[in-house]
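Top line first, the protein sequences correspond to chains Y and W.
Residue numbers for the first sequence follow our numbering, beginning at 268 and rising by one.
Residue numbers for the second sequence follow our numbering, beginning at 29 and rising by one.
I should point out that these hints are in silico values taken from the structure, not numbers from a laboratory.
A portion of the hints provided could be inaccurate.
[Stated by the list, open to error] If the Cβ cut is set under 7 Å, some of the chain W residues that face chain Y in the computed set are:
hint	residue
1	62
2	88
3	341
4	342
5	345
Even glycine gets a Cβ: it sits at the ideal position worked out from N, Cα and C.
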Amino acid sequence: MDKTRLKYLPSHEWADIQGDTCIVGITQYAVDQLTDVTHLQLPAVGKAVSVGQPFGEIESVKAVFDLNTPVSGTVAEKNLAVEKDPSIITADPYGKGWMIKIKLTAGPMTEHLLTLNQYEKQLAEH
Amino acid sequence: MANLRTPLFDWHVAHKARMVPFGGWDMPVQYTSVIDEHTAVRSGAGMFDVSHMGRLSFGGAGALDLIQMVWTNNAATMKEMQVRYGLICKEDGGTLDDVLVYRWSYGWAMVVNASNRDKIVAWLKKQMGPLDVQLQDQTLDTAMLAVQGPKAIDFCAGMFDADPSKLKYYFALPTRYKGSNCVVSRTGYTGEDGLEIMIKNELAVELADELLARGVVPAGLGARDTLRLEAAMPLYGHELNESMNPVQAGLSWAVKMEKEDFIGRQALCDAIQNSGKQPQRIGLELEGKRAAREGCQIQAIEGSPIGTVTSGSYVPTLEKSIAMGYVQPSFAHAGASLIVDIRGTLTAAKVVDLPFYKRAK
Chain Y
268 MDKTRLKYLP SHEWADIQGD TCIVGITQYA VDQLTDVTHL QLPAVGKAVS
318 VGQPFGEIES VKAVFDLNTP VSGTVAEKNL AVEKDPSIIT ADPYGKGWMI
368 KIKLTAGPMT EHLLTLNQYE KQLAEH
Chain W
29 MANLRTPLFD WHVAHKARMV PFGGWDMPVQ YTSVIDEHTA VRSGAGMFDV
79 SHMGRLSFGG AGALDLIQMV WTNNAATMKE MQVRYGLICK EDGGTLDDVL
129 VYRWSYGWAM VVNASNRDKI VAWLKKQMGP LDVQLQDQTL DTAMLAVQGP
179 KAIDFCAGMF DADPSKLKYY FALPTRYKGS NCVVSRTGYT GEDGLEIMIK
229 NELAVELADE LLARGVVPAG LGARDTLRLE AAMPLYGHEL NESMNPVQAG
279 LSWAVKMEKE DFIGRQALCD AIQNSGKQPQ RIGLELEGKR AAREGCQIQA
329 IEGSPIGTVT SGSYVPTLEK SIAMGYVQPS FAHAGASLIV DIRGTLTAAK
379 VVDLPFYKRA K
């Protein structure tokens, strides 16, 4: 996975935008922070999701976190394997650990998303 | 005010712990993974820095009288070197803290919760009156390490002048580590066999290094919480607080009405009479793996609110989502089907007997 091709949210979701589809997952940093993922809640296929709203949640032994939507659209596909076994996310967050595919609404806003450089800068400042 | 640091702070950081504020201290929440650390304690042995816990000593002819006055359990029937659990309550029965009391040949000691240390020291001084008691807070001069798990005693073999395998459960022994005085106590907060070691600050790092070299796994507050939850041990600030009395918390076994008067006695007598009217602590097993967290509402099957979750987590040994909470007494019986509102999702739950987990003897 070429991480420079991805866009990022400050809340540690990555977005892989290809044409009118966006694949969404969480970053290695998020995985390192979570360590023990016990539960993942993903939206149903066909559900409308919008920027600024959570599309699901991820839970570790200690706490639960919202998964934030990077681009508005409708859920075209969800990764049933990770929903069943969230440890896949820990093992391969940028590959087999993807969560949902969003079919973008026309003219999606992406200016709020960070480049890899910007995201890594934020991590360094953290 | 900056948080306090235990003598093992640098040791935790060097061993890649994630540090968090807890009860006025910076403490390790985990080193590698809560699940791995939890499992190490259930199958082998783990070590916890519990230096944040308050360690108080009592000398003087009035020490027993003071402890009897403020404590729900009976200190007069304790043998030398025995350790006993009990509560410190207000006049109205509300719980100020849950503590361990130690009886020595030369005096008494008490281990209190970190977040309650200042409050309890002030309370003791206020109740002391004219009694001849020398109360000393030794928390900042000493460290405390808990070694917990089925192999804890074996891993510690030969470390101390005395042999801790000879100690009975809930007994403690003053002994020496590397020539320096320490106390080894067969107690813990995990539901496993094990020791709690109180030692001078200067030897804390050496002790932690030796335990690590012997195969004891460092474990943080995260695992401590899931372990005590499986063992259904109350955590002050969650299952216990000043508006909750020990009777409704299911701790009547640690309240001794047959001893002389103590603060809160009348209120607790009333609480026993009225136990059918007060919310009761219960254990819940939930469907699925989602955790019920503190504050989640507990409902009857038809949807009426009947209580609140005080602690909950997905727990590694039982591989289930479990919780403790308080509900109206008519629902507080094993087998009752209830509902927990987990952030808007109504989740089926069943009342179960406590503890959730009990070690094989």
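How the hints compare with the structure:
1. 62: The hint holds - residue 62/W has a Cβ within 7 Å of chain Y, the shortest such distance being about 4 Å.
2. 88: Since chain Y brings no Cβ nearer than about 43 Å to residue 88/W, farther than 7 Å, the hint is violated.
3. 341: Given a least distance of 6 Å, the restraint on residue 341/W holds.
4. 342: Holds. Min distance 4 Å.
5. 345: violated, 12 Å
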